[in-house]
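A.B. asks: Sequence:
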Amino acid sequence: MLVRVALYAPGCEPRNLPRLASLGAPVVYCAYSFVVSNYSPDTETTGSQPGGVQSVDRAISVLEILAQHGEAGVSDVAAEIEVHKSTAFRLLGALEARGLVEQAGERGKYRLGFGIVRLAGAVTGRIDITQQGRPVCERLAEEIGETVNVAVMQEHFAINLFQVRGPAAVGAHNWVGQLTPLHATSSGKILLAHLPAKERAELLSQTGLKKITPRTLTAKTKLEKSLAEAREHGYSSTLGELELGLHAMAAPVRSRDGEVIAALSASGPSYRFTEDRMREVAPLLIKGAEEISHRMGYLG
1 MLVRVALYAP GCEPRNLPRL ASLGAPVVYC AYSFVVSNYS PDTETTGSQP
51 GGVQSVDRAI SVLEILAQHG EAGVSDVAAE IEVHKSTAFR LLGALEARGL
101 VEQAGERGKY RLGFGIVRLA GAVTGRIDIT QQGRPVCERL AEEIGETVNV
151 AVMQEHFAIN LFQVRGPAAV GAHNWVGQLT PLHATSSGKI LLAHLPAKER
201 AELLSQTGLK KITPRTLTAK TKLEKSLAEA REHGYSSTLG ELELGLHAMA
251 APVRSRDGEV IAALSASGPS YRFTEDRMRE VAPLLIKGAE EISHRMGYLG
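One point on numbering: in full-length UniProt numbering, the residue at position 121 of the sequence shown is 121, and numbering is uninterrupted.
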């Protein structure tokens, strides 16, 4: 943005203007003027960037500075992102409140906080599941002949991270990136089955048991019975509960510490992926989930 500044004061000296004005000095027009290029006042909205976007951009810049230098003070941050110290202080305060930065031992210095580790860990875990799970899924899709997915829990849903189609599943629906209800999918059921009972009850009280098809389990007692069977047999199943004519089954994938972090599922049309066929391939699916778990560091 270009700003033309005209100075009105005897002598046309910019440094005299505030003092002269405060003294009530007569101001006359003077031809002295200059143009400031790329002038950007330190406000939340400048140029064509909305204020919220600019604030986010600055906050990310602060995190990058701390990642690069290890520690930095308010003055250092302000200088690097070219803002007033007060703005840098507010940005650091907001990030500190969310645990993304913390004050270092030296007074006035900041460093990255453990909130960053939490965020990075979530992404790393999903990347690892994708990397470690894909070869297993590719083999299973060939062996079972149906679509194989890996899903994780995201808030009140199951989200499919990746999918491999089997030779018989040419026209299978692409579930990658889709959020599906926990109570009506095999992946969701196996994830629910391994939640602590109190946490599961709280989650289901928030989401409810919405009827999606005539076969969806909408009674808590029936769902809990289904989840108990999933824990007992090592896999869950759905028979047209999300989509009529679609059968699916899922087994749990565990992290290094034994926590169930994902679901390995196989699905297909009911005329081909029958209940008998599902029971037949259950050992393959369970073994595949165990293999991914071991690849993730699980030793059990």
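No lab work stands behind these hints, which were simulated from the structure alone. Watch out, some of these pointers could steer you wrong.
With a cut-off of at most 20 Å between alpha-carbon atoms, the simulated PhoX-like pairs for lysine-lysine come out as follows [claimed, not checked]: (1) K220 x K210; (2) K198 x K220; (3) K210 x K222; (4) K211 x K225; (5) K222 x K211; (6) K198 x K225; (7) K109 x K85; (8) K210 x K225; (9) K198 x K222.
A.B. asks: If a hint holds in the structure, say so; if it does not, say that too.
C.D. replies: Hints, one by one, checked against the model:
{"no.": "1", "hint": "K220 x K210", "in the structure": "holds, 11 Å"}
{"no.": "2", "hint": "K198 x K220", "in the structure": "holds, 14 Å"}
{"no.": "3", "hint": "K210 x K222", "in the structure": "holds, 14 Å"}
{"no.": "4", "hint": "K211 x K225", "in the structure": "holds, 17 Å"}
{"no.": "5", "hint": "K222 x K211", "in the structure": "holds, 13 Å"}
{"no.": "6", "hint": "K198 x K225", "in the structure": "holds, 16 Å"}
{"no.": "7", "hint": "K109 x K85", "in the structure": "holds, 13 Å"}
{"no.": "8", "hint": "K210 x K225", "in the structure": "holds, 17 Å"}
{"no.": "9", "hint": "K198 x K222", "in the structure": "holds, 17 Å"}
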